[in-house]
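If you read the sequences in order, they're chains L and G. Sequential numbering of the first sequence, starting at 0, is according to numbering that gives the first Met the number 0. Sequential numbering of the second sequence, starting at 0, is according to numbering that gives the first Met the number 0.
Hints should not be assumed to be uniformly reliable.
[What the hints assert, rightly or not] Chain L is faced by these chain G residues, among others (derived, beta-carbon under 7 Å):
#, residue
1, A38
2, E42
3, S49
4, H144
Read the hints as simulated data drawn from the structure, not as lab findings. In this text, a Cβ means the ideal position worked out from N, Cα and C, and glycines have one as well.
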Amino acid sequence: MPVFEVFQQAREGKAFEHGGNVVAPDAEMAILYAREFYGRRQEAHRIWVVPRECIVEINDPDLLHPPAVDRSYRTVGGYSVRDTLRATRGAVAGSAQPD
Amino acid sequence: MSDTTITKTDTKALHTLLTALADDEFILGYRNSEWTGIAPMLEEDVAFSSMSQDEIGHARLLYQMLSELTGVPADRIAYARQPEEYLNCLLVEHRKLDWAHAIARYFLYDTADHVRVEALTRSRYTPLANAMQKIVREEKYHLMHGDMWMKRLANLSSDSRERLVVALDSLWPDALGIFEPLPSEEELVASGVLESSMSQLQAEWLEQVAPYFESLDLPFPATKDESTGRYVPTVEPVYGGRQGKHSPELAELWDEMTSVYRLDPEAVW
């Protein structure tokens, strides 16, 4: 019997989270059981039920965790502005000092 | 409408109505709970058990209402009466048979109960109307569940269809007993506690479900009376439940259902 993965949205606007799964003969029955397992205690605002075989997965580490070459220049964190910032602040503070 | 609502009333007729409503839910909840652990699949096991709890929860709500009127604790109303004091219809007390029988019984009961509950949301007796408004929302899931299973059993295989037809044929006369007139029904209708008579509710129910049974080509023992436009049964209803006249199957169930309570009725849980 097919497995359906169940996703719950706790409140309007929130992201859906994977809750678990149900086994059911078809999508209609899967909704029936998903409500019972993942929505009967008011924990869900909305529920999605997706046949497991419809989910396409990537879990290749070469794709998701690329090798350790320095790619820091691609991210904001790769640029340290601390020293420049400190020098500029010092200069501004110095000029503002009354005699 | 406030001048036409009743917030306080305490008549024998009202007690009878509340007892009949509560006992139907209680006994069916108990019978359906007998599927816990052995339903066709795990998901269904959980769903069916949970719905049984819903029914027992509805019974509890009504027993508590009765308890406030009579001063008798709800547990005692539920467990300390003799079998002949229960006013449930005979449909709900029958022994568990096969899954098609369980689904057919629950579907017949739920669709009929829905008509009754709907009408009672407009009862002039406010506490009852309020309780029914809660119950009617919970029943939505039960109706959806019943519809899905009925369609599947009717169409899945010749075996499932045959079992469903056999179950329906045997259950219809008992199902018509849901609307057995209550002993002092006129009084309830006159005061507006009950919007319409049980026979009117039965006609409404039959009209509502007629297209459904026709679409699935399943047994439907009623025809439309052309002169009145009302559906009338073509089989003899099984009455007795509302007068406390039951099948031996209730005594059997009662014996088990009350066995823990009877060990020590004064125990505090």
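Going through the hints against the structure:
no., hint, in the structure
1, A38, "violated, 12 Å"
2, E42, "holds, 4 Å"
3, S49, "holds, 6 Å"
4, H144, "holds, 6 Å"
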